[in-house]
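A.B. asks: Heads up: the protein sequence lines correspond to chains A and B, in order.
Taking this note's numbering as reference, the numbering of the first sequence is continuous, increasing by one, and the terminal residue is 396.
Taking this note's numbering as reference, the numbering of the second sequence is continuous, increasing by one, and the terminal residue is 356.
These are computed hints drawn from the structure, not numbers from a lab.
Glycine included, each C-beta is placed from N, C-alpha and C at the ideal position.
Heads up, simulated PhoX-like pairs for lysine-lysine below, C-alpha to C-alpha not over 25 Å straight-line: (1) B:3 - B:115; (2) B:24 - B:4; (3) A:383 - B:4; (4) B:65 - A:214; (5) A:383 - B:2; (6) B:65 - B:177; (7) B:3 - A:383; (8) B:177 - B:57; (9) B:115 - A:383; (10) B:57 - A:214; (11) A:394 - B:115; (12) A:119 - A:226.
Here are some of the chain B residues that sit facing chain A, going by a computed Cβ distance under 7 Å: (13) 71; (14) 118; (15) 119.
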Amino acid sequence: MERIYLDHSATTRVHPEVREAMLPFLGEVFGNPSSIHWFGQEARQAVEGAREKVAGLVGARPEEIVFTSGGTESDNWALFGPAEAESQSHRPDGKRNHLVTSQIEHHAILHPAEILEKRGYQVTYLGVDRFGIVDPEALAETLTSRTFLVSIMMANNEVGTIQPVAEIAEKLRGKNIVLHTDAVQAMGKIPVDLRKLPVDLLSISAHKFYGPKGIGLLFIRKGTKMPHLIHGGSQELNLRSGTENVAGIVGLAKALEISARDFEANSLRLRRLQKRLEEGLKQKIEDISFNGHPEKRIPGLTNVSFSYIEGEAILLNLDLRGIAASSGSACTSRSFDPSHVLKAMGVSPELARGSIRFSLGRENTEEEVDLVLEALPGIIQKLREMSPIYPGKKK
Amino acid sequence: MSKKKRVIVAMSGGVDSSVAAALLKEKGFEVIGVTLDLRVEKGKKIPASSCCGLDAIKSAERVAHKLGIRHYVLDFRQQFDQVVVQDFISEYGRGRTPNPCVRCNQLIKFGSLFQKLDELDSDFLATGHYARIVFDQKEGAYELLRGVDPAKDQSYFLWPMTQRILARTLMPLGEFEKRRVRQMAVSYKLATAQRPESQEICFVPDQDYIGFVRERSPEAFRPGPIQDTSGKRLGEHEGLPAFTIGQKRRLKLKVPEVYYVIRIKAEENVLVVGKESDLSRKFIQVEGINWIRRNSSPGVFVGQVKIRSQHAPVEAVIRGFVDRADIEFMEKQRAAAPGQSAVFYRGEEVIGGGIIK
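Bound conformation, chain B alone (with noise of 0.2 Å):
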């Protein structure tokens, strides 16, 4: 008989990593829960009860327990406030609109958690994501695929997967839709069935990201001028971090029509605007690019490119280069956001991605 393959699944204590964790026990994997305390501390002095709380931990615990499974509590709080914290401060500073989730899957679940299953002599790491890996056997490469439920596929924050990790990732929800998920919660009567969906920026109370900005870095709020495209002076901004690409509100402009944010001028401390047709880019340049399938680029070749999370994915030319790529969109598309991830598709499948210029 040999020996039962070991699994660890990234618990958030949500219905999706907990109907994951149960789909694989039931499909004979060892599972062992492991939730990660990624807790962002208020204020400087870091208060010793910390070691208490939150919901999230206790309701993993609660599943792993129904599960009859390994439950692990692992402290990445620092590292999550380095790379993920930090730097989502430190990228609005700098006029950009950063994506903290991508860096989190990146940095730390297939960063610093994948490290540690070797640590822990474990085959795969599992997560709750709507996504599907596949090894196609001709080219004996892993594809990363959209998840079939459209309304739930998480493709678009994975795409700095790597082959190596492909080969060491379970995501088996990636086969069903949301509502057959939750039924299999309630099936597998797990309390957190009924658990609201989880927020958009984990670590940002009340989803003020801007005050969240404010109170960790409030040196990155300098006042400075808002200009047209023309560098006419229109008034005053609050400061860059307060304002992301397409955004209107906050402008406070005295002037009848109605301005967008076309540019952020980081050194400067410019806020440009300009009209609604201004927004709209035809070409855009991303960098720090990951090849799902190889490392080379599969030179040019007309795809679907995603630039947001709620962005339907377009049709473009996409450039393809080693470490960049240039986007040709069939019809000009509406703030692009540098700092943005843009996403790589060909039908189903994720090509690759990178980090909008």
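Isolated chain A, as found in the complex (with noise of 0.2 Å):
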């Protein structure tokens, strides 16, 4: 069966490019970036190189640049580390416990947040617009002199929207607060400077834009406290120990030229796509909505509703014609939850049930979303016709 991938909001396959700049380092060049000898001294070069590159494509120094398991581990780090150097400081007025994020974050940052609050810190969990936009204003007004960290995505993995980060920093200035944003969805997909963009942490996860799994990244700007919670053998500038995923870093790097290298032709690409695939969906499915900014959003991601059926039956059936999309987010036991995100704009409980999320990526084509529009009428007329709350049922 032909299959077709419109799930890249999950994971992407890796640039074959990326791949051939990493093969080497399974292979021939395997030293450990720690030893003294010329095997350690080749892959420390990669490892530096790697870290240089980066930092160049964000617009940041290569000493603010940690490198992580990936975006999970980089959103921990982002909300444990200022909580505890809050913990260890020495403020004359005692120690700051509130911190800011939003409803529609990912449970990378929601379940931390979680654990902190158990931990006795308290958060306040913003919400959103009918778009799934964080107010600025609204933040603001929520800040005291107790706050000490803000933590909102750049933007949003179910629905795509884009949120306004450098307002947000705008809000902070001089404050004395430290501001993180999950960038895993954004990196590749929008520009990220990080000399125009105050903000001072920034997560990266590199398979999301074409690299392999199991490397990320924590930006970490000059100045910010960051005590570190991965303790051992002093790697990553003493901030995050353990012998570095050599091949996995240059991957990484890589992935990220090639993402800046191909940046307006992709997302040219992948808007011209999109539409293709919403306009196609509007005429031929009855009783849709799109969830999301109708602009103000990554390109290729499509967050649709469709009413009086389960989304989980038509991922099914997609899957079952070979064609994969996701209800959102991907999660191990792959049981369909109802999406947070959706429910914190206001989307009702049935809709989002209905809800279906395609991502777009490089190597679709015109043609694989004409199968999907072909595909998908047939089976949302099925499914409605077998849902008890369908009014158009044929008699």
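Reassemble the complex: the two chains are provided individually, in unrelated frames, and hints are given to aid placement.
C.D. replies: Structure representation (structure tokens):
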């Protein structure tokens, strides 16, 4: 069966050039970057070369880039690190204990936030408007003298909405509050220049932009106090111990380089394909609604609700025809949970359950989009005919 | 070339459903494995992390991978909680003894999951039950028969199955003995070959059903009197859900004789106890009947009746009506508990079943 992959927000296929770049490090260049001999030095050069390359691409200094195991580790660190730093501080007016995040963050943020709550921190979970956007004004109003951290994602993984992180940074100016942004979904899809965007911490994961899995980074702006969470051999500027994932680091840097190189062309292609998909859906299927902001959205991501039916049934039917889409977030039991993001956006539970996400990627073609548009109307109609709440049922 | 028939196999991750899937694949079906997520949430708040974990799902995934078939996890948690778990709790609250496995078969596996067949353009639903489904050409009806392994026969739990459902259900293990199924699991190299038998009530931790009901429904436990058959007060009980017909434990009576629970009067919150001889009954009434072959009753017939899962079927006269049956046992039977299933057999065949009144 020909398979069509429309789930690039879950993960992507490693770019052939990335794989090429990584191969030597799965072969002859196998040294430990911490070793003093030549084997080690080769590996060290690769890691530091990658760090410099990445820093250059995002507008950071090399010493501000710390490689991690991926987005989840980076996000965890971005919450627990500043909390730990705060608990070690000696402020004359007492320790600060308040952090602000949003209801639509990834679980890699929400679960650490819940743990901090259990440890006595106060957490504000900001709501969003119907497009899934956090209001910087509303955010500013929640800040108190006890606020030490704000974490707002750059783009949402389920609906693709881009958040006003620059405006949020503006609201925090001069307040000595750490600002973190989870850029896992945004990287490679919207421009990120850390010389202009004054965030303190930023999370990236390589496999979302055609790099390998198991590697990511946390950008830590110089001057930000970040206690380290993984202790051992003092690797990664003594911030994150553990022998470096050399092949992964090289792969991440290469993937980021390619995504910058092909940025314009890819964005344009993705926008065009997305338009074809969305126009087609609108034309061929009744009673649908799109979730997320019509413009302020990362290219290639379409989240759509089909009334009267369950997204799970749609996904299974698509999969049986070789088409891979998603319900919004991938999780290990693969069970279907109603989306916390759509809920925060005020989408009704019924409609949220009937939502699926298509996320297009660089290898998708117009033919593939057309095949999906051919398959989907029949599936939707069939499921609606079986639905007890569908009003348009044929007798 | 005709298109392969598509079958959905309900996979629990255990040996039986795994071998069922393997057998059907070998027979040339297009097999899709499905595991129902039935995990019961403890406490009120459903943790956001609830999408992760659980051995059964992982085990089923491994088997599906080994067999090279698709596998999906379907979230039935809410439904399962509503129609099986809540019912289990409220039945105990009413002084009855429910059988959640029967209800799960009826409303979840051959209910909600069965409905998915058409959604997924599938021809059949298959399970790893030890029972057989046979089409009787002469009568034009499906028969439900015991599994050939008498020790494993699970037909008792399947009495609610209707013709419509039997027509689209496959139970490939009914023809085999458990020993043989284990051997097959080994020869198919299924990782689950050595997994232990599943426990009796899957959602009750440590088989402590009283503790479970108490946690979920503490208000159902109201202390009340224990009386003998003449109405004399012998002591106090801790709450009706802790008792079932025929039980002698937990009564804590300060009398030398051994007493058994013989009746639970839920309206009055009274537990009636008696001697062993008071436990046995010659007649029972069964309601909520399903007659397997037809909608109407087969009338009066002599058959065998099984009144709980560990009970050996006994001879009885069954007087069938459309929605109920009156049973006269040849010999008095001990501890027929309201809420339990009574299933009627004639030899190998399940004629019907219902709930003891």
